[in-house]
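2 protein chains.
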Amino acid sequence: MASFYIGVDVGGMTIKMGIFSDTGELLEKWNIPTRTEEEGKNILPDIVESIEQKRAAYGGNILGIGMGIPGPMTEDGVVLKCANFGWGVFNVKNALADLTGVGNVKVGNDANVAALGEMWKGGGRGYDSIVMVTLGTGCGGGIIYKGKVLTGSKGAGGEIGHIKVERDETETCGCGNKGCLEQYASAVGIVRMAKKSMREDSCLSRMADFTAKDVFDSAKAGDAFCLEIVERFGRYLGTALSDVAHVVDPEAFVIGGGVSAAGQILLDVVQKYFSENAMYALKETKFHLAELGNDAGIYGAVRMVLFK
Amino acid sequence: MASFYIGVDVGGMTIKMGIFSDTGELLEKWNIPTRTEEEGKNILPDIVESIEQKRAAYGGNILGIGMGIPGPMTEDGVVLKCANFGWGVFNVKNALADLTGVGNVKVGNDANVAALGEMWKGGGRGYDSIVMVTLGTGCGGGIIYKGKVLTGSKGAGGEIGHIKVERDETETCGCGNKGCLEQYASAVGIVRMAKKSMREDSCLSRMADFTAKDVFDSAKAGDAFCLEIVERFGRYLGTALSDVAHVVDPEAFVIGGGVSAAGQILLDVVQKYFSENAMYALKETKFHLAELGNDAGIYGAVRMVLFK
Numbered sequence: 274m275a276s277f278y279i280g281v282d283v284g285g286m287t288i289k290m291g292i293f294s295d296t297g298e299l300l301e302k303w304n305i306p307t308r309t310e311e312e313g314k315n316i317l318p319d320i321v322e323s324i325e326q327k328r329a330a331y332g333g334n335i336l337g338i339g340m341g342i343p344g345p346m347t348e349d350g351v352v353l354k355c356a357n358f359g360w361g362v363f364n365v366k367n368a369l370a371d372l373t374g375v376g377n378v379k380v381g382n383d384a385n386v387a388a389l390g391e392m393w394k395g396g397g398r399g400y401d402s403i404v405m406v407t408l409g410t411g412c413g414g415g416i417i418y419k420g421k422v423l424t425g426s427k428g429a430g431g432e433i434g435h436i437k438v439e440r441d442e443t444e445t446c447g448c449g450n451k452g453c454l455e456q457y458a459s460a461v462g463i464v465r466m467a468k469k470s471m472r473e474d475s476c477l478s479r480m481a482d483f484t485a486k487d488v489f490d491s492a493k494a495g496d497a498f499c500l501e502i503v504e505r506f507g508r509y510l511g512t513a514l515s516d517v518a519h520v521v522d523p524e525a526f527v528i529g530g531g532v533s534a535a536g537q538i539l540l541d542v543v544q545k546y547f548s549e550n551a552m553y554a555l556k557e558t559k560f561h562l563a564e565l566g567n568d569a570g571i572y573g574a575v576r577m578v579l580f581k
Numbered sequence: 274m275a276s277f278y279i280g281v282d283v284g285g286m287t288i289k290m291g292i293f294s295d296t297g298e299l300l301e302k303w304n305i306p307t308r309t310e311e312e313g314k315n316i317l318p319d320i321v322e323s324i325e326q327k328r329a330a331y332g333g334n335i336l337g338i339g340m341g342i343p344g345p346m347t348e349d350g351v352v353l354k355c356a357n358f359g360w361g362v363f364n365v366k367n368a369l370a371d372l373t374g375v376g377n378v379k380v381g382n383d384a385n386v387a388a389l390g391e392m393w394k395g396g397g398r399g400y401d402s403i404v405m406v407t408l409g410t411g412c413g414g415g416i417i418y419k420g421k422v423l424t425g426s427k428g429a430g431g432e433i434g435h436i437k438v439e440r441d442e443t444e445t446c447g448c449g450n451k452g453c454l455e456q457y458a459s460a461v462g463i464v465r466m467a468k469k470s471m472r473e474d475s476c477l478s479r480m481a482d483f484t485a486k487d488v489f490d491s492a493k494a495g496d497a498f499c500l501e502i503v504e505r506f507g508r509y510l511g512t513a514l515s516d517v518a519h520v521v522d523p524e525a526f527v528i529g530g531g532v533s534a535a536g537q538i539l540l541d542v543v544q545k546y547f548s549e550n551a552m553y554a555l556k557e558t559k560f561h562l563a564e565l566g567n568d569a570g571i572y573g574a575v576r577m578v579l580f581k
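Chains as they are written, first to last, in the working numbering: chain A, 274 to 581; chain B, 274 to 581.
Hints were generated in silico from the structure; no laboratory data involved.
A couple of the hints might just be wrong.
If you want the footprint, here are the derived chain B segments under chain A, 3+ residues with CB under 8 Å [said to hold, decoys possible]:
#	region
1	421-434
2	444-452
3	515-528
Computed far set for chain B versus chain A, every beta-carbon distance over 10 Å [unchecked claim]:
#	residue
4	Lys302
5	Lys469
6	Gln544
7	Ala554
Straight-line alpha carbon distances no greater than 16 Å define the calculated EDC-like cross-link-like pairs of lysine to aspartate or glutamate that follow [to be verified]:
#	chain 1	residue 1	chain 2	residue 2
8	B	Lys427	A	Glu501
9	B	Lys427	A	Glu524
10	A	Lys419	B	Glu348
11	A	Lys427	B	Glu557
12	A	Lys427	B	Glu524
Glycine included, each C-beta is placed from N, C-alpha and C at the ideal position.
Using the sequences plus the hints, can you model the full thing?
Now the structure itself:
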């Protein structure tokens, strides 16, 4: 009888799921809604029901379930804080194992799990130590060191979005501090920087509203103001990543998230400031764009349970 | 017949050595000079001869030899750059094993090895993930994550002295960049900061020359200028360590090296700025002073080969 593995990536709105062969091929992916009402009590049962339906359709055994969730957690699978879902502190891994009867269950922080996915099948292929940077609404990080997720002692390993990069900032970051990387190197941060210093000579000044994509697109089209914003973004991110390299010295950085769709212009400006600030031994650290997009989470989730 | 373990800490001037029981007790420690002439070709033979003399005196077997050397190296024991000694690239571990006939040999970067020693028997006792910061002439770092040294992919893991902390610096660091942590958080760096901004109202202005210890001593005695220098030192180091915590999230920082003799005043000012800049999950990270002084290296070296 055929054997399958399930990857689950729990987001605030949608739960992404995938069924994989025992050689790691993605056979099918699908989504179910994240029902956050009543302290999120339906989330795990919904996942279990969806897995069971898919198992029945494929007619085989489920040999492992990997899951990524947004929030810090211990390596034992205890979620520490998952405010989006209203979950308290409990062992998600054991709960999922009990509900499914599958023994081989692993649960990790979503940013770390996505990093594992990119290393397995995406922009980090061929490496075993990478730092994945996710530039979405916020700025997240996931560190894989010698093939394993670096979770840290309190689940805050790879929280690079809250590295202090600007001591003169007056606005407060979501975390309560001021001058965090996320305030500049994220979709929200890029728009914030641009709005704060907007000039009349920029095409953006004539738009009612604009996005980080507009900033990069206008920079590519030669808008001087947007080129300056991209340069500032690159200085903050490239310098912060040089800090990160002086700590964990990865083989490569993999940059993903919606903002990374800007492509080569983004890689170039980040690498420029990285190289300027990194010590000699680190200057040749590689940079790649992520390749799996929204599927990184389900790939990484399965990777946790597929090969030991 | 009794069994012993040897710890070796190779410095630029002196090689520190220790013989340990198989339960990890330091039985005796001694030094031999580091003969750097002729591309350092005598260094390993001198160490081997000294080990053999001690083994003969104790009348037993040597079951393991651990060694720390100043420079980046791979986990396989290949030294990549050890300019002080004139050594080229070669496998020190294999060379030492061949010369002694001892199979259980490990070699590591000295800062990482000292960190392991402090975690085993010093200021980091009871933890399994620490960052050790050595504030000597320079500023070094060693990271132990879940009991193992984090060397990084190019041997530059824990090189925290070269994290960029000041974008307005005009003087160049030893590494070639500008604004590295080491330019402020080291014995040399503290004196440099004080000399650069010296004021007539400070007692230091009447000294022909002074040291980092003088700066801390005068601060403790209430000298306003020295208190400002200590504050700047603490801001640079505390903020940089918050960067480090956002990457590897250690249980504790252990601060050693000559400058750390300043004691509580140093811990207090570093913790103040750490806590101000670290995200909520990290604010309670512990800080301790190192306890083993110059013996941290031989303890850590033996720790590498004593327990697997």
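Structure-based check of all given hints:
Counting residues of the region 421-434 of chain B whose beta-carbon sits less than 8 Å from any beta-carbon of chain A gives 11, enough to reach three: the coverage restraint holds. Under a criterion of three residues with beta carbons nearer than 8 Å to beta carbons of chain A, the stated coverage of the region 444-452 of chain B is upheld, 3 such residues being counted. Coverage of the region 515-528 of chain B by chain A holds. Counting CB-CB distances below 8 Å, 10 residues qualify, and the rule asks for three or more. At roughly 32 Å from the closest C-beta of chain A, the C-beta of B:Lys302 stays outside 10 Å, upholding its exclusion from the interface.
No Cβ of chain A comes within 10 Å of the Cβ of B:Lys469; the nearest lies about 19 Å off, and the non-interface call holds. Against chain A, the non-interface label of B:Gln544 holds: every CB pair exceeds 10 Å, the least being about 15 Å. Not every C-beta of chain A lies more than 10 Å from that of B:Ala554, the closest at about 4 Å, which undercuts listing it as non-interface. For the proposed pair B:Lys427 and A:Glu501, the alpha carbon gap of about 33 Å is over 16 Å, so the pair is violated.
Of the supplied pair hints, the one linking B:Lys427 and A:Glu524 holds, its CA atoms being roughly 8 Å apart against a limit of 16 Å. This hinted pair checks out: A:Lys419 and B:Glu348 have alpha carbons roughly 12 Å apart, not beyond 16 Å. Only pairs whose Cα atoms come within 16 Å are accepted, and A:Lys427 paired with B:Glu557 is accepted, the gap being roughly 10 Å. Pair hint A:Lys427 plus B:Glu524 holds up; C-alpha atoms about 8 Å apart against a cutoff of 16 Å.
Figure legend: structure checked against the earlier numbered hints; hints not met, in rising order: 7 and 8.
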